[in-house]
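Protein chains in written order, with my numbering: chain F, 1 to 330; chain D, 331 to 846.
Please note that a few of the clues may not be correct.
Unchecked claim - In the BS3-like style, the derived pairs of lysine-lysine whose C-alpha atoms are separated by at most 30 angstroms in a straight line are:
| hint | chain 1 | residue 1 | chain 2 | residue 2 |
| --- | --- | --- | --- | --- |
| 1 | D | Lys678 | D | Lys739 |
| 2 | D | Lys739 | D | Lys796 |
| 3 | D | Lys678 | D | Lys624 |
| 4 | D | Lys739 | F | Lys225 |
| 5 | D | Lys762 | D | Lys678 |
| 6 | F | Lys158 | D | Lys739 |
I should point out that these hints are in silico values taken from the structure, not numbers from a laboratory.
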Amino acid sequence: MRADQILHPTEAGLYCPPGDFFIDPVRPVPRALITHGHGDHARSGHGAVMATRQTLEIMAIRYGEDFTDTRQVAEGVIRVGDVDVSFHPAGHILGSAQIAVMPQAGPKIVVSGDYCRAPNPVCAPYEPVPCDIFVTEATFGLPVFRHPDPLLEMERLKASMAEFPERHHLIGAYALGKAQRVIALARQAGIDGPIAIHGALQRLCQYHVDQGIDLGELVPATADKVEAQLVIAPPSAFASAWVQRFRDPVIGFASGWMTVRARARQRGVELPLVISDHVDWPQVTQTIRELAPEEVWITHGTEDGLMRWCELEGFPSRPLRLVGYEDEPE
Amino acid sequence: MRAFANLLERLAFTPARNAKLRLLRHYLEATPDPDRGYALAALTGDLKLRAVTPGLLRGLMAERVDEQLFAMSYDFVGDLAETIALLWDTDRDDDVPLREALELLSKTGKAGLPPAIAGMLDRLGASQRLAFLKLATGNMRVGLSARMARIALAEMGTPEVADIEEIWHGLTPPYAPLFQWIAGGERPEHAARAPFRPVMLSTPVDLDQLRAFDPADYTAEWKWDGIRVQAVSDGGTRRLYSRTGEDVSGAFPDLLEALDFDGAVDGELLVRRGDQVAPFGDLQQRLNRKQVTKAMLDSHPAGLRVYDLMIWNGEDVRTLPHQHRRALLEAAAFSSPRIDISPLLPFKTWDELAALRDSLPDPVIEGVMIKRRDSAYVGGRPRGPWFKWKRDPMVVDAVMLYAQRGHGKRSGFYSDFTFGLWDGEQLVPVGKAYFGFTDEELRELDRFVRNNTTERFGPVRSVAPKLVLEVAFEGLNASARHKSGVAMRFPRISRIRWDKPAAEADRLETLKDMIP
């Protein structure tokens, strides 16, 4: 069986005919395999969903228990139709997985979903899975993206908090994954006091704590007077009237995009923190070298840069041009 | 240079002036000599380095990165120095002294420069690489004026800003004697000729307030709409300073040549064609130029209208009463027709002066200056001896088109407003205003923006064109850079016209007719 008979892009997402399932479909389908819980990958309304236990639980928190008709926890190797599938840690957010698709005859395909190889205190580390075809993201698929050690970024946050002790520091971070990682990194960096969180982060932070991840003392950032100097909120909150309760705050944003000054300026950020849950350029190129697949398929991001690298390094590659995935999900 | 790189990054993203001052002060306090002095000079544009060309930098990259990947990266990042800083591949991050980096740039010969720059980049982490490349290309752009640097210095120790301004132009990087003085040591001597001296500023006044004073104690003269300058000619050295002590001599060689006196005078820099004073916009075209073309010198000749004397024929006359200085000024013979004396206005009562102010004889006059006859020339803005009584601002009724979220104390509030006027059936943006309203009005404006948003672009929203804002402004220039063809000076929102329908807002022609 040829590779594109096993998996090919459709308008609804990546489709596997022999298994009759979609991976991370962007519209409701009868059977979906989901890599992780970010809204652009995990949507509600599918007939059946297979994902890691944590991803299923996260989807239930976000969409309600009735987000799908039937659900199946992915454990070990599972037969779906005529193919075997298995889930492996992707190091992106809590519960995130790569999905290996193994036909009885033909190439083994690994769909990495979003993945990251930097240590992350809130999820299991990425595991390389040998394969014939590696399906990778290219969110940061240009050589300008080399994410620094996130603890160094935390030192910059601490320095600013010391330099402006009278000002709240409001750090924008996506509600699932990034927010909890920033909090855990702040703890690692020795920020011990209470950290205030926006209401939209409450349930997902509690879920991380329930999973045994220590986030320290969290207080709500909803009162008129917020008693913590460090406040974490989803990016959407910064456009809302919520932010008006803070007098002269330092606005920060934790994202891989903060590498590029123009991006930080567009957001009106005073303290850009380069903290990413995606592979940067050295990581994505290192991963492809390590796995040495026969072919690289690129799902979304700045695929031109990564394709050029594959060409220079002699890895056949092609873009899947999947639509519906955001640069970094809200 | 690590701390310097960090400072540059913070300054680049920090909009608030006070926060910038604090960042700079902390840096200067924590950094040893000579690096802090060099950093100060780099930030205020007082480092004279040979600029490294973009071509040289591109050449370095061509040896290291695939051409296509470089092109894609540059396209994404949009800034050459930043692209190279991000692309440069090294694991090292040595804390290289700023002095060493600057010496490399100033002392390396042309042929040796590419390998020297590459060798330096190999030793630096990403943020230091960017700082180094910004130094090398001479493009700091962190929004820090020399004036702000001097304020930060004043906050570090006992000398006042005016004291620092007075000796600033005699100092050279890395300013060790200045830092010693601030730390409690001796005041550095005036080393340079033609130093800047702190300028005397006035406070605003109105007719009611003036009635408390005897008009006989005061002189009055026109307040010209040019740039307040201090022209100094001292033993052959001639300089032209802005009122904050920036040396603007370079842009005005024609006027510099005319300063054939010995002294320091206070006056208004104007573009003048014969007796005719040109609008402020003409003067603006002469500003911020490193070199002035011959054509520009001919078409936009600079002149000086003298208000006052500070130093005259070797004597410091600042402590003399204003009327004595005025007598000296009127006795002075300026040989160049570029220089003349600001005439005094005849008036006996404040009402007579008010009548003069109500019928200004020239559109390039922005009001009257009122000075106590017995006032000494005192740097700074003392309350009382000098008043400015500006003409009433011009106003138009414009329609709010876009709103942008503010920073700092206005975080979360839509506080920067773009407004437009009717041009046919269209509303054309004519300017932007972000003050003039009270905190309560700001809350109302914010609510209006949120309830009337039609589109969002990042921190900017376009709003339904229905709120009329009365915009006051001080002057108007024709401008090729603005789509509307006009640029307002100092626009602010003087009233919110909740009552006025947008269709009744002013037309673009009305505004254009106000151009002098």
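Next pair to validate is lysine 762 of chain D with lysine 678 of chain D; report whether the Cα-Cα distance is within 30 angstroms. 41 angstroms, violated
Given pair status - lysine 225 of chain F, lysine 739 of chain D, alpha carbons within 30 angstroms: 15 angstroms, holds
Lysine 678 of chain D and lysine 624 of chain D: Cα distance at most 30 angstroms? 46 angstroms, violated
With a cut-off of 30 angstroms on the C-alpha distance, tell me whether lysine 678 of chain D and lysine 739 of chain D pass. 47 angstroms, violated
Pair hint outcome, lysine 158 of chain F versus lysine 739 of chain D [Cα-Cα no greater than 30 angstroms]: It holds: about 21 angstroms lies between the C-alpha atoms, which stays within 30 angstroms.
Regarding the pair lysine 739 of chain D and lysine 796 of chain D, is the alpha-carbon distance no greater than 30 angstroms? 27 angstroms, holds
Going down the numbered hints, you'll see the structure goes against 1, 3 and 5, while the others check out.
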